Every structure is written in structure tokens, then in C-alpha cells.
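**Q** These are the residues of each chain, in order.
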Amino acid sequence: MNFDFTPDEALFREEVRDWLRSNVPHGRPENEAEALDFDRAWQARQFSEGWAGISWPMEYGGRGLSLVQQLIWFEEYALAGGPPLGHLFVALSHAGPTLIARGDESQKAFHLPQILKGEAIWCQGFSEPGAGSDLANLQTRADIDGDHLVVNGSKIWSSRAQYAVYQELLVRTSGSGRGHAGISWVIGDMRLPGITVRPIKCIDGQPHFCEVFFDDVRIPLANVVGEIDKGWSVAMATLGFERGTATLAEQIHMSHVVEQLIDRAKSLPGWDGHRPAFEDDEIASRLATLRAEVAALRAMSYAAISRGLRAPVPGAEGTLIALYNTELMQRIYRMGIDLLGAELLSQDGHAKSWIRKYHESIKQTIAGGTAEIRRNIVGERLLGLPK
Amino acid sequence: MDILISPDQELIVDSIETFLAEQFPASRLAGRDEKSMPCANDQLASLGEMGWLASGLGEAAGGMGLGMVDQILIFRAYGRHLAPIAVLANVIAADVAARASMPDVAAGLGRSTMRACLAVPLPRSKIGPTADGEFLLLDSHDAAFAAMVCPDGAGLVALDRRRPCTHNPGSDETVSVERVRFEDIGVIAWTDGPAADLRSNLLVAAMLVGICEATRDMSIEYAKTRVQFGKPIGSFQAIKHKCADMAVQTEAIEQLLSFAAICQDTGRHDAAFQTSSVRLLSADYAIANASANIQVHGAIGFTAELPAHLFLKRAHLLAQLGGSRRHHQSAILALPSAQSQSDELRLHS
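From first to last, the protein sequence lines stand for chains A and B.
Counting along the first sequence from 1, when you hit position 378 you're at 378 in the working numbering, and nothing is skipped either side.
Counting along the second sequence from 1, when you hit position 198 you're at 198 in the working numbering, and nothing is skipped either side.
Hints are computed from structural coordinates only; laboratory data are not their basis.
One should not assume that every hint holds.
In silico SDA-like pairs for lysine to any residue, Cα to Cα no more than 25 Å straight-line [as the list claims (entries may be wrong)]:
id, chain 1, residue 1, chain 2, residue 2
1, A, Lys357, A, Ala80
2, B, Lys231, A, Glu372
3, B, Lys231, A, Ser133
Covered stretches of chain A, going by a simulated chain B footprint (3 or more residues, C-beta under 8 Å) [to be verified]:
id, region
4, 282-293
5, 371-379
Residues of chain A clear of chain B, computed beta-carbon distances all greater than 10 Å [as the list claims (entries may be wrong)]:
id, residue
6, Asn2
7, Ala35
8, Leu135
9, Val197
10, Asp229
11, Arg298
12, Ala299
13, Leu344
14, Pro386
Since this is a predicted model, take the numbers as computed values, not measurements.
Ideal placement from N, C-alpha and C gives every residue a C-beta, glycine not left out.
The shape of chain A in the complex, shown without the other chains (with noise of 0.2 Å):
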């Protein structure tokens, strides 16, 4: 039980914070198509300038770096108020970690270096309009004809698909229909003819996901990412990096939005229009809790990559930390609205963002898995409880 960093490691903190302080780039777009040509730009700099890809084997553009030294580059990336890997998002966080996994050598030495440079956005299609929580009810059909799977199906609640040019597919390429085998995990290009992109607005008003129509749409064999009909242990596999350390950047930013909040409060009027609102007991009472939960959450973290450096293939433990992550996120955005006011009724000036950001909160506990899904999985694979 410790947290000594090793002589090289501490180096390392020194020249991640000297660069990321005179590099990081601010003002991101609130707008999610202005925010496209923003973060690719920003993973374009990170990967010409060798921090790209922290972890990431050095073959294809990573710098084959410990999980430690991950870590060191998430805390210093939050603490010099780095942006969000936003539309970079599924490429960085589960795509890049799937290939690095399970991926052959060629499909890892085309796609890796692309997404490292900033260049391929990604997108999820894994969930079905019949295959939400259910997600081995998915129905999409890939009939194989030569060389190549025959798409026919549609996906849903693909984030980014509009903006996309490759997505993580999970089709049926044989069996009953049903079930965990006979499907395939598929690197599918978003350029190929047969697709049809339906943007979803959301409860924000921005079009979050999308719905993806696939009409016959040819894509090669050689973009299955491991076994045929075997692709449910690799889509398990990037649900396991999306449960566990792929939101380490995520959890950080958390205590950033606390302090911001904390500072809010003592600037804005409380209740009673004298004091600040940070005088009022029940508001310093939440507050207070909020920054002892995000020391919970960074402990957990922790935690995760010491169990990481231990066993590097990511368990269920993850899930415990999204649940409380995800909990956690719409508590701490409840607190900014909050401290609004009647201010919340405008969307005028500062009030318009913690809106935003609140309304974007409440997709937390449904993404990814909802918070359901995911205490079955903390019931039953980590406590053993009966199905």
C-alpha cells in the first residue's frame, strides 16, 4: 500500500506538466460540429509533438509507457484544464484499446497510427432498436458472400456517427438469431454505400447520437476483429475498457468542476440575497460531501491501476467505478444548476453552460450500459449472485 512514485516517474510529471502548460489549448467549442475541426487538431499536436498515446505500443505510434505513467498524464492533462477527448472519444477510449487487445497486425498498424494522429473518429454500433440492455438480442445480419460480410439492419444511439469514419460493429453472422455466439465484431468503414446516418436530437438540443441504416453494405472479411461469430468476448473487452480506466481523464475533470463550483458559490448571492450561497448550511453541506466523493473517486482510481499494473486485463471492478462515477457526475451537475438560482429559468451568460452541462449529466446512468445493467453485472460477477 503505497503511493511512491519512482525517480524516472516524477521526471516524467515534470516534463508532461512543462509541456502540457505551454500546449494545452482552451475555448473548445460548446457546439459539437464547430468542437470536430478543435479536437482533431488538438490530437493532431499532441501525436507531431510525441504524447500521443501515452500506453499505447510504440510500433504504431505510441509511447509504450507504463499504466503509471498513463496515469501521471491524465492528472497533469486535468490539472492544466486540458478539453475533453470529445469527438476522439470511442477512437481513443475503445476502439485503439480493442485493436491494441484483440486486433491482427495489420488491422492494428493501419488503424492505430490514425487515431494516435488524430485523423479517424469512431463511433459505437452496438445497440438496436430491439438490443438496448439486451444487447445479444442484436437482430443486424452480416451474411458472408466471398471475401466479404453483406450488412443489412440498422444500429442506434451511435454517438458521433455523423461525424464518423469508422465504426465498432457488432453484427450476427450466424445462429439462431439470439444469444451470445455467431457474433462478430467488425471494424466498418462509414464511407461504404448502403449507409444512411439519421442524427437523434437530444434533450439539450444537440444531436448526440445517431440511427444507423445499413442496406446492403459490403464489408471486407478481413475487418473482423477476432474470431467470426466469436465477437462477443471482444465487445465484452471494449465495454471492460469503457467500465474501467477509459474514464480516468473523465474522473479527473470531476474535481476540476468542483472547485469551480465551490468558487461559484462564494461569489454568487445565497437565499437570503446578502450571503453568498456558499454561507448556506445546506449548500456547504453538499458541497463539502461532493469533494469528499471525488476523493472517493480518485481513490478508486487508483485503485483500478493498481490492480491494472497487477492483472492488466480489466475486470468487473470497473463497473463498481462507473456506477459511482456516473452517480456522481449528475450530483455534481444538479449542484450547478442549483446554485443558479432563478437563473435557471434565462439560459442567458454563465447560466446557459451549467445547463448544458446538467442536461448532458443525465445520459450518465443510461450510456455505456445503465445504471441497471451495470448493478446486475456488479451482482452478479463480482458478488456471485443468482441470475
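With chain A held as given, fit chain B onto it using these hints.
**A** Coordinates of chain B only, in the frame set by chain A:
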């Protein structure tokens, strides 16, 4: 960097766990008349003989010099087994005596040949080089000293007489409670500064974490074996999800406890912040888990035949030690957190 329990520490955990499971399983307290609770002194004596109470003391006082990272493991086990609250009193009192250059007293308390009790201040009571006002003494049988801790320091008051082993059950009926008034009594030992308060709060938090663990495990075990509607009740999401929530909170608080202990041992700038954070949340989570555990058990959980009710009562008792909820919340907001170590943060926010 590795904040998980190390292989060496696993030996400590196994050893204390085995000892407590054999000698003092939590079930020993269930189904007893509240007047006939086992005397804390007997339980303390065997822990003292085995050296557990002296583990944090230096060699001069007959201890092993273990850091907080190891002591929290022992106190988690005390929490899981509803060890007598007096373990906390003797360990805190020995710590004060050792720091006040009274190694013989420290050694006696560590071996449990000498007894201390906790003195919990009621509102408006004063702790310092002199103690004044009303206090509740916990498990004062045969105690020579009352140990008291506040954010400014910690001290020992010599008690005027030895209490007989009569049990005056408090709301946690396993703990004997005696109301006393001190009129400006000078302490016989005092250690100045916030460190004693931080250490004692971390040990309290560790016991609360132990309650989180024990109640989670009780619920899981019951959910696997209790059958209704032809199935183990753990297969129903209403129960499964309650157990999952207990597991999430327990994982969060175990890791925060470890991190706070590391911060104390290494003198990190945010040690006080992390300690108040774990102290605040551990009380909330232990009370939540202990309540959920009763609910998972249904009517049998409401009876005195299982120890489920004792975990809830103990959690409420521990939540009153080492400062109120608002005290810790206000400390959390006033102290530098891990995140505010760099001015960078505010520059960019």
C-alpha cells in the same frame, strides 16, 4: 505506486481476521440480554496479550511500530467483528502516553494490563490541557484513564476511582455508557497539535469501513441462501441492486481509507482533507449499508437474534466520535484538497 493491500499486509489481515473470527465473532453478541453483554475487559485482555493493541507503538513501548496503512487493516477487522469500542480507547490512550513521554503507561495500555476509556464530549464541553463539562465515558470498567481527542490535541484524564464491571447499556447495548462531569480537571498527559485527532479519526473511519464490509457480506450471503418464490432472493433485482450499491460504497470507502492512511504516513499536504473526507463518508456509508442489510434480511434482520441491528447501532455510535458531520464538512471545505495543490487549476477554471 500500488494502493492495494500488499502481500505482507495480507498476512496481517489473515492473522487478525482468524483471531477475531475464532475468539470474537460478531454472532457472540446476538440474542443476548443487554445487561449480560461480555465484559470488554476480557476481550481486551486477549487482544493485548497477542500484541494487537500495541501494534502502532514504537519499540520503547513494546510495540511493532506499524504505520497507519497497517493499523487501518486491524481496525477494519475490529469493525467487521464488532470488537469492543475499548480497543479504540486503549490504542488512542497508548498513543497519547507514548508521545507524552510516558512509555511505561503506553506499554501497559498496549498490553492491556492497564485500561483506558473514551471520553466523548457533550456540546459546550471543553477539551484541552484542562477538561471541563459533561462527558460520556464508553466502557469505563476498570479504566485508569479517560482518553479525549479534539482537533487541537489529545489528552488523558486520570479517573478518580476504578469502575466495577457493571454494564450500563447505551443505545448500542454492547457498549457501556457512563455520564460524568469534569470540573476543570488537568490532564496527566497531553499531546499538542492536530496529528492525534487525524490518527484517531482514521481509526474510527476504519471501523466504519469494517461495518460496511461486514454488512455487505451478510447481505450477499443471505441473498444467496434465502429462498422465496422458489428462488434465492438475490436473483431479484430489488435485492441484487441493493447489494450492488452496498458493494459500490464499500469499494469507494475502502480505497479512500487506504489513500488517507498513505497520506498520513507520508505527511502529504492533503492528509487532513483526505482524513475528514473518509471520516464523513464512512459514517454515511456504514449507516446506509447497515440499514440496507436489515432490509435485505426482512423481519429476521429486525430481530435481536442476528447481529444486523448491532452493526447499525455501532455505526451510529462511531459516527459520534471524532467530531460531528458538520465539523468534518467544514474542514473539507476549508482544507486544501489533492486537487487544489496547483494554482494552475484556478487559473484555468
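**Q** Decide, hint by hint, whether the structure agrees.
**A** Hints, one by one, checked against the model:
Note on A/Lys357 and A/Ala80: the hinted pairing holds, with a Cα-Cα distance of about 20 Å set against a maximum of 25 Å. At most 25 Å may separate the alpha-carbon atoms for a hinted pair to count; B/Lys231 and A/Glu372 meet this at roughly 20 Å. Using a Cα cut-off of 25 Å, the hinted pair B/Lys231 and A/Ser133 holds, with the two alpha carbons roughly 23 Å apart. With 8 residues bearing a CB less than 8 Å from a CB of chain B, the region 282-293 of chain A meets the requirement of three and the coverage assertion stands.
Beta-carbon proximity to chain B at under 8 Å applies to 6 residues in the region 371-379 of chain A; the threshold of 3 is reached and the given coverage holds. At the 10 Å boundary, the C-beta of A/Asn2 falls inside the reach of chain B, the nearest C-beta of that chain being 6 Å off. The claim that A/Ala35 lies off the interface holds: its Cβ sits roughly 18 Å from the closest Cβ of chain B, which is beyond the 10 Å cut-off. At roughly 17 Å from the closest C-beta of chain B, the C-beta of A/Leu135 stays outside 10 Å, upholding its exclusion from the interface.
Every CB of chain B is more than 10 Å from the CB of A/Val197 (nearest about 35 Å), matching its label as outside the interface. Chain B leaves A/Asp229 outside its interface by the beta-carbon criterion, the shortest separation being 30 Å against a cut-off of 10 Å. The Cβ of A/Arg298 does not lie farther than 10 Å from every Cβ of chain B; its closest approach is about 7 Å, which violates its non-interface assignment. At roughly 4 Å, the least C-beta separation between A/Ala299 and chain B is not larger than 10 Å, which violates its mark as non-interface.
The beta carbon of A/Leu344 is kept farther than 10 Å from every beta carbon of chain B, the shortest such distance being approximately 21 Å. The beta carbon of A/Pro386 is not kept farther than 10 Å from every beta carbon of chain B, the shortest such distance being approximately 4 Å.
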